[in-house]
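Okay, here's what each chain looks like letter by letter:
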Amino acid sequence: MIYEPSMIAVIVFFAFVGLTLGLSFYLGSRAKSSQGYFAAHGQIPWFVNGVAFAGDYLSAASFLGICGMIAFYGYDGFLYSIGYLAGWIVALFVVAEPMKRLGKYTFADAIDAKFQSRGIKLAAGISTLAVSVFYLIPQMVGAGVLVQPLLGFPHWVGVVLVGATVIVIVVTAGMVSTTWVQFLKGSLLVVFSAVLTLMILSRGFETKSGGEDGYAFRTLGPFAADNLEAGIKQSTGFEDATVVPASEAWGESPYVHLEEASGIVSVWRVDSVTDGQVVLRESQTVSTTDDGTVLVNGEPKGTKKGEPELHPVGYISQLPGGATDTGSLGPVSFFSTLQESEVVLWGSETITDDGTPTTVYYPKPTPGSQVLRPGEHPRFQGIRSDEPVNKLNFLSLMLALFCGTASLPHILIRYYTVKDESSARKSTIVGIASIGFFYVLTLYLGLGAMTSGAMDVTDSNMAAPLLARSINEWLFAIISAIAFTTVLGTVSGLILASAGAVTHDLLTSFMGMNLTDYEKVRVAKIASVVVGAVAIVLGILFKGLNVSYLVGWAFSVAASANLPSLVMLLFWKGVTREGVIAAIIVGMTSSLAWILLSGDTFAKVYGLDASQAVVPFSQPGIVTIPLGFATLVVVSLITRKPTAE
Amino acid sequence: MQTRNAKIGFFLFGIYLLLYGGFVFLNAFAPETMEITPIAGVNLAILYGFGLIISAFVLAMIYGFVCRGDDGSTSKQEDAP
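These protein sequences, in sequence, are chains A and B.
If you're matching positions, the first sequence starts at 1 in my numbering and goes up one per residue.
If you're matching positions, the second sequence starts at 646 in my numbering and goes up one per residue.
The reader is advised that the hints may include incorrect statements.
Unchecked claim - Here are a few chain B residues that face chain A, going by a calculated C-beta distance under 8 Å: (1) 654; (2) 655; (3) 661; (4) 669; (5) 673; (6) 674; (7) 679; (8) 680; (9) 686; (10) 688; (11) 697; (12) 706.
Unchecked claim - Chain A residues, not near chain B, derived (Cβ > 10 Å throughout): (13) 195; (14) 197; (15) 219; (16) 252; (17) 336; (18) 369; (19) 638.
Please keep in mind that the hints were generated in silico from the structure rather than gathered at the bench.
Cβ coordinates follow ideal geometry from the N, Cα and C atoms, glycine included.
Can you build the whole structure from these sequences, using the hints too?
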């Protein structure tokens, strides 16, 4: 689609970023010591910290990725919401209070409280860095995604812009300003998502045959499959149309090319309806010719609105009882109406003909009952197959989400910003309340986007902002700006966690450097700049992946590397220093290796065939989390001193 | 002091683990049950999903109330904004 920046959006956007930066500079002038820099002097009120948890946690992935996944595939995206929230139960009931009791600045502090070992500091520091960088990638990708329609910049500008802004925030003020920025954006995100949800409900559903640009997608037939051309010529307006003979690559595909009276060649998907009968559904195509011209639906892609571009999609084709408009709906009737409706979702596939790849986007009329059930997304289809291996991928992801939250370094360091265990507990409860409420809204937002007529078939990450734009321009500007500050907040938390790990765990504790308070802060700032730069580069490289999926991987690595030590230290006296080190290293490397060898990475990152992948399914959690625990127990037993207590 | 809180936490954690585990296994091994619409035309997938989120909140509140005054913290209580 062609995105034109709007003046309102640009103004709102810069107002938000300016406010955020102003706040940082103001608060930054008050935090000078390293205790202040890394842990906000432990003086953040628990309620603020709780909402800041939401700000920290509700990243671009939650907002953009989940909404996009629900908008394109239905219920499946909500599985992420459920898993992300469930992880907070582990954080609250198991990890929160011990973390606060044992640590001071970093996750490694808590793990190492019993042993005072340099090896543990090194391992935990490295795992903090690895998880943070992994988690940074989707945030940066999300930033690029947002800036594109908002300001009209290309993807990489968005990534650089976010990286630079965050580096400024983190360098100026550390944890104090980061916390307040997160508090601000956490509240705004929840409030405006609620506003958006109310608007979706009051808008209700209406039937359409195309998106908001007014283009109605055409359907021909049904007619006999063995006499396609005659059937087509009987359709109104297609008397002069001819079927273009298919080349070899297209011949095997379910598409036909029609040269219409206007001379334009359109692509149609042939769907069989009953025996021998087919319908033709108008599809959309994007291809790049040898000389680099991008063709959209057979014409060169335009640069301004009104010129050839992909049409927006996402509409309801049938409502229950043949209605055309439901009027406003309640929170329950929203689902029960959709359950009985038919929604047109869009699939895509790429066909390479003579070296020219063409991506075809085709309509898939889908019953609402299917949209609202799990297992429609290609990644989750395994649960509907009879092969146990396919179910493992799903189980593995849900396990990683459950275990991952409580192992994320940037969430864990937030326990050091409050003054005691009681505050740690209370702020977690506030966090659960605001995060849970937001996740309930994601299902309305995603389904609202699905039926908004504003979806860009090429980019699921854009669903939430486009939904807002289908309602009004101001809302679009605000939602996009909030989403952008969402990225800022999460990224600053991650960079701060990494800087803390470098300063405390690697330099001070492991290398034995004796840094003064002032030097510590300076080293941390340098580390922030470096991590920020790395994040910028990775954000540009990983452009095309759905951000929610990338976050799923970060959770797997966090859970595999960190959770075994965290949990076992609390519940088993026999843990040894060597056991902890081994568990962190094995958990981290095995999960990273698994991801790098998985079918999804093969297909989407290396551009290879997914079936060549080494590991049987893509999500590592179900193997590598137990492996981490097993390593810890086995190594601890082997290295246990004979005179154990 | 921690042991009492930890015990309560562990117990509540167990309850949630059962609920979450039930959801995950139902999805994995009997996905068709998620399509039934027991209440008000809303299917089980949505009801159970919302239920999980709400029960997380309820359990968290229970934990918060039961642990009150039992945190052994050294600083003053109720510094709420």
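>> Given a cut of 8 Å on the nearest C-beta pair, is the interface hint for residue 680/B held or broken against chain A?
In response: 5 Å, holds
>> Would the non-interface assignment of residue 336/A survive a Cβ cutoff of 10 Å against chain B?
In response: 3 Å, violated
> Can we keep the residue 697/B interface hint, with Cβ of chain A closer than 8 Å?
Replying inline: 5 Å, holds
>> Is the interface hint satisfied for residue 686/B? The criterion is a beta-carbon contact with chain A at less than 8 Å.
In response: 3 Å, holds
> Any CB of chain A closer than 8 Å to the CB of residue 669/B?
Replying inline: At about 5 Å, which falls below the 8 Å cut-off, the nearest Cβ of chain A leaves the hint on residue 669/B intact, so it holds.
> Any Cβ of chain B at or closer than 10 Å to residue 197/A, or is the non-interface label fine?
Replying inline: Its Cβ never comes within 10 Å of chain B, the nearest being 14 Å, so this holds.
> Measuring from the C-beta of residue 654/B to each C-beta in chain A, is the shortest one below 8 Å?
Replying inline: 4 Å, holds
> Taking the closest pair, is the beta carbon of residue 252/A still more than 10 Å from chain B?
Replying inline: 31 Å, holds
> Taking the closest Cβ pair, is residue 688/B under 8 Å from chain A?
Replying inline: 5 Å, holds
> How about residue 679/B: closest beta carbon in chain A under 8 Å, or not?
Replying inline: The hint holds - residue 679/B has a Cβ within 8 Å of chain A, the shortest such distance being about 5 Å.
> Is the nearest CB of chain B more than 10 Å from the CB of residue 195/A?
Replying inline: 20 Å, holds
>> Under 8 Å is the threshold here; is the Cβ of residue 673/B close enough to any Cβ of chain A for the hint to stand?
In response: 5 Å, holds
Taken one by one, the earlier hints fail for this structure at numbers 17 and 18, listed in ascending order.
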